[in-house]
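Protein chains in written order, with this note's numbering: chain P, 4 to 221; chain R, 285 to 695.
Read the hints as simulated data drawn from the structure, not as lab findings.
Glycine included, each C-beta is placed from N, C-alpha and C at the ideal position.
No farther apart than 35 Å at their CA atoms in a straight line, the calculated lysine-lysine pairs in the DSBU-like style are these:
| # | chain 1 | residue 1 | chain 2 | residue 2 |
| --- | --- | --- | --- | --- |
| 1 | P | K39 | R | K495 |
| 2 | P | K39 | R | K448 |
| 3 | R | K662 | P | K166 |
| 4 | R | K307 | P | K166 |
| 5 | P | K166 | R | K622 |
| 6 | P | K11 | R | K692 |
| 7 | P | K62 | R | K307 |
| 8 | P | K39 | R | K443 |
Computed footprint of chain P on chain R, listed as stretches where at least three residues anywhere in the stretch have a Cβ under 8 Å from a Cβ of chain P:
| # | stretch |
| --- | --- |
| 9 | 297-304 |
| 10 | 424-430 |
| 11 | 620-629 |
Stretch by stretch, here's where chain R covers chain P in the computed footprint (C-beta under 8 Å, at least three residues):
| # | stretch |
| --- | --- |
| 12 | 43-53 |
| 13 | 200-210 |
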Amino acid sequence: MVYKEWIKTRWFVILYAVLGLSFIAYPFLNVQRDFKFSDANNYWYTIMFMGVSYFGSLKFVPVLGALAISVAQYFPETVSKRIKLTFHLPINENRVLLMMMLYGSICLVTCYIIQLAVFLGLSCIYFPSDIVMPAMTSVTPWFLAGFAAYYLAALIVLEPVWKYRMAYLLVTGTFVPLFFQSASTGAYEPVNLALAFLVIIISISLLFSGYRFRKGEM
Amino acid sequence: MVKLSRYFLVIIAIIGFGIALPKLYWVAFSHPIRAPFIQYSCVDHDFMLLRSQDGVSRTNSEGTTFTREEYENKLPLMYTRQLLMNNTMPDTIDGVEMDMHEISANRSTFRVRPREIDAPQPTLFPLFESQSGRANLEMPSDFFRIIWRMEFIDAESNKIDEEKSRMFSAVLYKRGFKFPAKSINGLPTTRKSCDEGYLIVDSEDQLFHLKMIKGEPFVKKVEIPDGLKFRWISCVDFKDKFYYAYLFSTDNEVYVLTQYDYMLVKLDVENINPEENEIRIYGDLFNYNIISTGEGEITSQVLNKDYKKVDEYKESWPVRDERSEGKVAQFIFPAQLKMRDSNSSFVRFFFEANKSFNWIILSLLLMLVQFFIIRKRKENIKNQLVDFAIIAATGIFGFIAVNFFPNKFFK
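Modelling step: build the complete structure from the supplied sequences, incorporating the hints.
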């Protein structure tokens with residue numbers, strides 16, 4: 004089962020892991036250049052008092068990776084309704100779906116942990132905790148948005164009825180932007196925990212589409 | 285578990301629509317009322333109001349309308365250059381000679397908004413050399429923070445300067461500073477006339493003035509009345525050099541801290557709360573005009589140069605919920621959810637409950653519509669009671685959510 008998921012997604016996961024890391028490293032090339040051209044103290048000053056963010060280019064990196072993995076994992080299942088074959092396996096249908104979801108989540112968690120660790124490590128080379136911690140607060144909702152996009156994309160892809168696909172897309176369109184509000188660095192601090200909770204509760208949303216799919220809802 | 289997944293999706297949809305629909309509504313139908321710009325005429329000793337709602341109008345507090353020229357003539361300290369151009373600048377006002385240098389030196393403008401206070405605050409600051417002997421201030425190579433001690437971090441190496449940190453921490457400690465700092469307030473910019481360092485509130489609400497003079501720490505403890513706590517301190521750099529800062533207390537009072545003699549002078553004003561209202565303070569040769577603008581109300585309190593109140597003007601207007609678009613919104617939305625608020629720089633779930641119960645009418649109507657939808661689907665009403673409860677409690681948001689994620693488990 005897990006092997007099947009790996010076969011479907013391996014190139015996307017590997018490509019995203021590599022590309023994601025290069026996207027994470029990219030802003031630090033800018034930081035290094037700015038340190039040389041405008042002096043470290045001036046660069047720190049622009050971050051703390053002029054609203055400059057050194058990590059803005061990372062904004063959609065987690066969500067794009069999540070969408071790629073989600074589509075790679077679930078789209079093949081909808082072609083000729085292949086997922087119905089999976090439902091004929093002697094395993095509980097919900098368990099099958101939860102395993103698929105868990106597989107995707109683990110892939111994302113692995114990629115995100117590596118990306119966040121690299122981001123944190125590189126940030127700590129150039130900046131003190133007073134700059135790094137608000138930066139971590141600001142990037143957290145972007146990574147949470149990655150999970151939200153993965154679960155909601157799975158929901159949309161597995162939904163058998165186009166009318167409801169559009170409805171889910173609309174819900175996604177109102178929900179995912181909550182993670183991308185334009186705000187100063189560190190501004191997400193009061194809400195990150197609540198957003199994480201919402202992401203956890205939508206992690207099982209896949210079951211709803213799966214239920215409709217196997218009931219042959221059209 | 286599958287049913288649970290549906291209810292979770294319904295919750296997500298309610299949150300999403302609870303934010304998006306009111307936002308769309310207000311973008312389409314909001315007609316905000318602009319507060320008038322209030323100034324105090326030292327000629328008429330009356331308030332002058334400039335309104336820019338539906339065309340510009342200039343009046344005094346009694347509603348007498350003025351032409352632009354008449355209006356500017358009544359505010360010679362505000363429109364000095366224009367009056368000089370028109371040759372209408374008076375020689376004296378109330379027996380005081382109009383000296384351009386004096387007018388300029390006494391002019392000051394200050395503003396603080398709630399979203400500057402409810403915002404992520406920096407914890408690292410540059411400590412400028414106050415007596416460098418240079419004409420311009422220079423950005424130091426290190427930044428300081430005050431945690432369990434005062435620490436200077438060199439930006440180039442990202443390492444703590446132990447010697448400097450120990451020296452400043454020791455002086456703060458000797459002056460009775462209790463670590464860590466609650467707030468550090470200053471003007472962390474090189475674009476100021478001179479450096480006066482920082483006003484720092486310690487963990488026991490004591491106030492200290494800290495600056496660096498020729499590389500050495502200068503620390504002065506400011507005597508403040510017992511129990512006085514500040515909610516916000518704004519340092520200023522005005523030409524008159526009368527005071528270091530405006531200090532806003534938790535009791536909605538305003539103080540100024542005079543330069544050099546460190547006198548904490550209370551301004552004769554009431555109800556000044558920068559956490560809820562925008563505060564503007566305009567100073568001129570004769571007066572200070574303290575303007576507080578909030579939701580549906582503006583107050584202007586005018587003080588003389590001894591900080592005693594000489595006049596006050598108050599005006600109010602219907603707040604959003606009292607206006608027609610607000611009343612309609614109360615019929616449509618049971619509550620409104622926002623991620624951003626004009627009074628905060630933080631991202632939060634700002635929940636605004638409906639002040640009336642008019643929304644229940646729409647909820648009942650939507651429950652009726654839902655009843656017909658379920659009948660049309662030939663489903664048992666008893667199995668849909670939770671959905672009815674959701675619509676009853678969350679109105680239009682719940683109605684859309686339960687129909688986007690239909691309950692077909694009991695088919």
